[in-house]
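Protein chains: 2
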Amino acid sequence: MRAEIITIGDELLIGQVVDTNSAWMAERLNECGIELFQVTSVHDNREHIIAALDEAFGRADIVLTTGGLGPTKDDITKHVLCEYFGTHLIEDMRVRAHIHELYKERPDVLNRLTATQWLVPECAEILPNRVGSAPLMIFHKGEKLLASMPGVPYEMKIAMDEQILPYIQQSVFSNQQSVILHRTLQVTGIPESSLAILLEDYENEMPSDLHLAYLPKDGIIRLRLSSYGGMTEKEIDAWFGRLKELTKDYLIADTDEPLEVIVGKLLKEKGATIATAESCTGGKLASLLNKHAGSSAFYWGSVVSYDNSVKEQVLNVPAEMIKTHGVVSEEVVRIMAESVRKLIGTDFGIATSGIAGPSGGSEEKPVGTVWMAWATPKGTYAECFHLGKLREQITDRACMKALIGLLKILKNE
Amino acid sequence: MRAEIITIGDELLIGQVVDTNSAWMAERLNECGIELFQVTSVHDNREHIIAALDEAFGRADIVLTTGGLGPTKDDITKHVLCEYFGTHLIEDMRVRAHIHELYKERPDVLNRLTATQWLVPECAEILPNRVGSAPLMIFHKGEKLLASMPGVPYEMKIAMDEQILPYIQQSVFSNQQSVILHRTLQVTGIPESSLAILLEDYENEMPSDLHLAYLPKDGIIRLRLSSYGGMTEKEIDAWFGRLKELTKDYLIADTDEPLEVIVGKLLKEKGATIATAESCTGGKLASLLNKHAGSSAFYWGSVVSYDNSVKEQVLNVPAEMIKTHGVVSEEVVRIMAESVRKLIGTDFGIATSGIAGPSGGSEEKPVGTVWMAWATPKGTYAECFHLGKLREQITDRACMKALIGLLKILKNE
Chain H
1 MRAEIITIGD ELLIGQVVDT NSAWMAERLN ECGIELFQVT SVHDNREHII
51 AALDEAFGRA DIVLTTGGLG PTKDDITKHV LCEYFGTHLI EDMRVRAHIH
101 ELYKERPDVL NRLTATQWLV PECAEILPNR VGSAPLMIFH KGEKLLASMP
151 GVPYEMKIAM DEQILPYIQQ SVFSNQQSVI LHRTLQVTGI PESSLAILLE
201 DYENEMPSDL HLAYLPKDGI IRLRLSSYGG MTEKEIDAWF GRLKELTKDY
251 LIADTDEPLE VIVGKLLKEK GATIATAESC TGGKLASLLN KHAGSSAFYW
301 GSVVSYDNSV KEQVLNVPAE MIKTHGVVSE EVVRIMAESV RKLIGTDFGI
351 ATSGIAGPSG GSEEKPVGTV WMAWATPKGT YAECFHLGKL REQITDRACM
401 KALIGLLKIL KNE
Chain V
1 MRAEIITIGD ELLIGQVVDT NSAWMAERLN ECGIELFQVT SVHDNREHII
51 AALDEAFGRA DIVLTTGGLG PTKDDITKHV LCEYFGTHLI EDMRVRAHIH
101 ELYKERPDVL NRLTATQWLV PECAEILPNR VGSAPLMIFH KGEKLLASMP
151 GVPYEMKIAM DEQILPYIQQ SVFSNQQSVI LHRTLQVTGI PESSLAILLE
201 DYENEMPSDL HLAYLPKDGI IRLRLSSYGG MTEKEIDAWF GRLKELTKDY
251 LIADTDEPLE VIVGKLLKEK GATIATAESC TGGKLASLLN KHAGSSAFYW
301 GSVVSYDNSV KEQVLNVPAE MIKTHGVVSE EVVRIMAESV RKLIGTDFGI
351 ATSGIAGPSG GSEEKPVGTV WMAWATPKGT YAECFHLGKL REQITDRACM
401 KALIGLLKIL KNE
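Top to bottom, those sequences are chains H and V. Okay, so the first sequence: first residue is 1 according to our numbering, each after it adds one. Okay, so the second sequence: first residue is 1 according to our numbering, each after it adds one.
Simulated from the structure, these hints should not be mistaken for lab results. Glycine is no exception: its CB is placed at the ideal position from the N, C-alpha and C atoms. Where hints are given, some of them may not hold.
[What the hints assert, rightly or not] Distance condition first, Cα-Cα at most 20 Å in a straight line; then the derived PhoX-like pairs of lysine-lysine:
#1 V:Lys244 <-> H:Lys73
#2 V:Lys365 <-> V:Lys342
#3 V:Lys365 <-> H:Lys157
#4 V:Lys291 <-> H:Lys291
#5 V:Lys389 <-> H:Lys291
#6 H:Lys217 <-> V:Lys73
#7 H:Lys389 <-> V:Lys244
#8 V:Lys244 <-> H:Lys244
#9 V:Lys291 <-> H:Lys389
#10 V:Lys270 <-> V:Lys378
#11 V:Lys389 <-> H:Lys104
#12 H:Lys73 <-> V:Lys217
#13 V:Lys157 <-> H:Lys217
#14 V:Lys217 <-> H:Lys157
#15 V:Lys104 <-> H:Lys389
#16 H:Lys365 <-> H:Lys323
[Said to hold, decoys possible] Now the stretches of chain H that chain V is said to cover, found in silico as 3 or more residues with beta-carbon under 8 Å:
#17 21–28
#18 206–214
#19 387–401
Based on the provided sequences and hints, a complete structural model is requested.
Here is the structure:
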């Protein structure tokens with residue numbers, strides 16, 4: 001069972017919008033045993049959309065389109081789909097009622113353009129869009145099907161989970177699915193090429209329908225084993241077990257969960273709490289720690305001490321110490337971590353201070369130098385890292401280093 | 001002059017990686033007067049890559065590929081390009097020297113797999129990759145060209161800016177470029193459909209080669225005027241001027257710059273400084289304010305008061321007040337904003353407190369309710385918003401509301 005995604009919108013092709021939808025949809029499709037074969041981004045242009053539809057139907061059984069369903073003139077997807085499937089628009093009273101309900105407290109939205117949203121292609125099956133005005137549309141082409149949904153990420157996600165995926169699973173395709181299996185682990189502290197040499201014999205022994213991929217990012221390499229229908233859960237787990245054994249000196253996780261989720265679970269298990277004192281990471285680490293629901297159980301708060309006055313007055317770093325050692329130093333991060341732990345009253349405190357650039361670097365402490373400290377009930381640890389040259393890369397990698405450090409401390413306790 | 005991007009990698013099609021490269025590349029191509037026609041994401045698979053190359057060359061003059069250039073077995077792009085262009089690999093001594101220089105302090109990386117990185121296709125022009133081991137490759141196919149570069153975002157960005165784009169501009173294509181012009185403004189406080197009705201006459205009068213697009217996100221609608229070769233700067237500016245006049249009641253910016261950049265510039269101009277006190281936004285607002293280089297001129301620090309104890313002990317919110325009014329209330333955010341302004345010693349203080357969900361909502365204060373306050377030298381303002389139902393959406397929108405509020409205060413002063 002193969003699917004393709006066509007994302008429709010000029011904004012994707014002039015760089016105004018990053019396509020985050022496709023990765024999210026890809027993950028869900030894989031979980032349902034549907035292989036995503038290709039993603040294609042096209043303009044809001046009749047000929048271009050039609051060509052992409054033809055090509056996608058040539059390769060795949062299911063075509064998912066996102067975008068181009070707004071009430072404004074630049075959105076043409078519905079009209080092009082009408083033409084492609086040889087149908088025309090009719091009024092849908094259920095959609096009309098839904099839109100009236102949706103905007104009952106905002107009568108200004110119920111204008112004549114919004115009214116075009118309850119015009120739907122006659123041959124399409126219409127599924128409700130619980131959180132928006134553009135209806136979801138399913139078209140059939142022989143044994144194949146096309147689902148059209150909005151490009152707004154949160155509307156698309158609810159549409160996929162509540163309507164499109166259940167529809168696909170319950171429809172004609174339900175008995176044809178193959179089992180796609182993935183297993184992912186995460187390692188750190190070894191170059192990608194050295195890891196590949198370590199795993200050379202293992203890779204040579206792998207059956208041809210098992211695939212190993214290396215995904216390096218922010219100092220962590222994710223190793224993914226994939227089987228597209230040729231293997232049972234037990235078989236892939238056996239191969240995964242060997243992979244874990246071979247990489248055990250570098251292993252930090254044996255799931256694909258983001259590191260902040262893994263750390264959060266461990267903190268919750270231990271009933272431990274955490275606070276951060278951030279200079280170069282500027283709140284990014286805090287934001288990661290409370291990104292997911294339920295984080296209030298372990299994450300209590302942070303002080304972002306971007307300016308030195310905040311380090312001195314809120315985190316009690318002596319001005320003299322900053323003068324002597326510099327603000328990016330072991331001495332300063334230790335005090336920051338210990339102070340925030342005490343100030344907020346948590347079990348752990350993490351501090352970061354570094355040079356994110358582009359300016360501020362020196363011969364001795366070039367851009368990318370980051371000092372980090374972890375204050376724990378058993379003492380304070382500090383470490384210095386060199387994390388690259390670009391601002392965003394440095395702060396992203398610093399957050400990962402902070403989480404890796406905390407993970408090691410939590411596991412060793 | 002038309003370009004296409006082919007992003008190569010299984011990770012994109014199983015959802016392990018979001019493709020942020022394409023949007024970045026799209027923007028750069030547009031700035032150089034090169035239209036990006038299509039983006040295609042394909043598997044690390046020989047047949048799939050070859051089919052995508054054939055299709056892309058059928059539509060475009062320039063094909064840019066990213067990914068699949070690592071030293072590990074799953075990366076096959078270089079080999080497939082060799083086959084596609086009928087050539088074979090040879091040793092490149094310059095690349096070899098570069099890689100030795102790059103890793104001179106990390107001899108463990110200089111293993112036999114890394115050594116495969118200085119094998120390059122004989123017919124390709126090789127451009128240096130300043131920050132990585134995979135060389136950049138340019139292939140010619142008649143009048144058309146293909147550039148292959150790594151998928152690691154920061155390597156790709158440096159490759160594009162320093163090597164690939166200058167090469168394209170100085171090559172055979174230099175005289176054929178058309179002028180692509182974009183103008184973007186940002187509005188808030190009006191539904192998309194009402195905005196379209198407001199602009200109906202304007203859109204009907206627009207010449208056929210001028211295009212207007214609506215891009216709603218997080219409570220802001222970006223309106224983009226585009227001309228693909230049919231208009232001069234002066235002409236599009238005249239149309240843009242009319243658009244600004246028509247939308248002036250809702251206008252918050254007449255550039256496409258992110259709101260935090262616009263606010264940062266205004267703060268710098270005024271020599272003003274800012275701090276934040278964040279509950280539901282959890283450091284995201286801080287992180288936005290210091291995302292860009294030079295932010296230390298105006299952004300000083302934050303207190304993330306996720307737990308109530310932090311609100312009480314660090315931000316001096318009376319426990320009694322939380323008990324009486326609740327933590328998501330006008331009273332509490334006012335004290336938070338004023339306290340953080342005083343604690344950090346800045347001109348402005350912004351506070352957020354809301355229910356990001358999924359739990360914690362009530363009849364009176366459902367998930368999505370966010371109270372916000374702006375403490376200024378002239379007094380404190382507070383406002384309540386209802387920002388949706390999903391955690392990430394609520395916190396993203398709250399950050400935008402905080403910046404819009406600050407922008408209005410800065411403009412009215």
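Results for each hint:
| no. | hint | result |
| --- | --- | --- |
| 1 | V:Lys244 <-> H:Lys73 | holds (19 Å) |
| 2 | V:Lys365 <-> V:Lys342 | violated (29 Å) |
| 3 | V:Lys365 <-> H:Lys157 | violated (25 Å) |
| 4 | V:Lys291 <-> H:Lys291 | holds (17 Å) |
| 5 | V:Lys389 <-> H:Lys291 | holds (15 Å) |
| 6 | H:Lys217 <-> V:Lys73 | holds (18 Å) |
| 7 | H:Lys389 <-> V:Lys244 | violated (39 Å) |
| 8 | V:Lys244 <-> H:Lys244 | violated (59 Å) |
| 9 | V:Lys291 <-> H:Lys389 | holds (15 Å) |
| 10 | V:Lys270 <-> V:Lys378 | holds (15 Å) |
| 11 | V:Lys389 <-> H:Lys104 | holds (17 Å) |
| 12 | H:Lys73 <-> V:Lys217 | holds (18 Å) |
| 13 | V:Lys157 <-> H:Lys217 | holds (15 Å) |
| 14 | V:Lys217 <-> H:Lys157 | holds (15 Å) |
| 15 | V:Lys104 <-> H:Lys389 | holds (17 Å) |
| 16 | H:Lys365 <-> H:Lys323 | holds (15 Å) |
| 17 | 21–28 | holds (count 7) |
| 18 | 206–214 | holds (count 4) |
| 19 | 387–401 | holds (count 6) |
Going down the numbered hints, you'll see the structure goes against 2, 3, 7 and 8, while the others check out.
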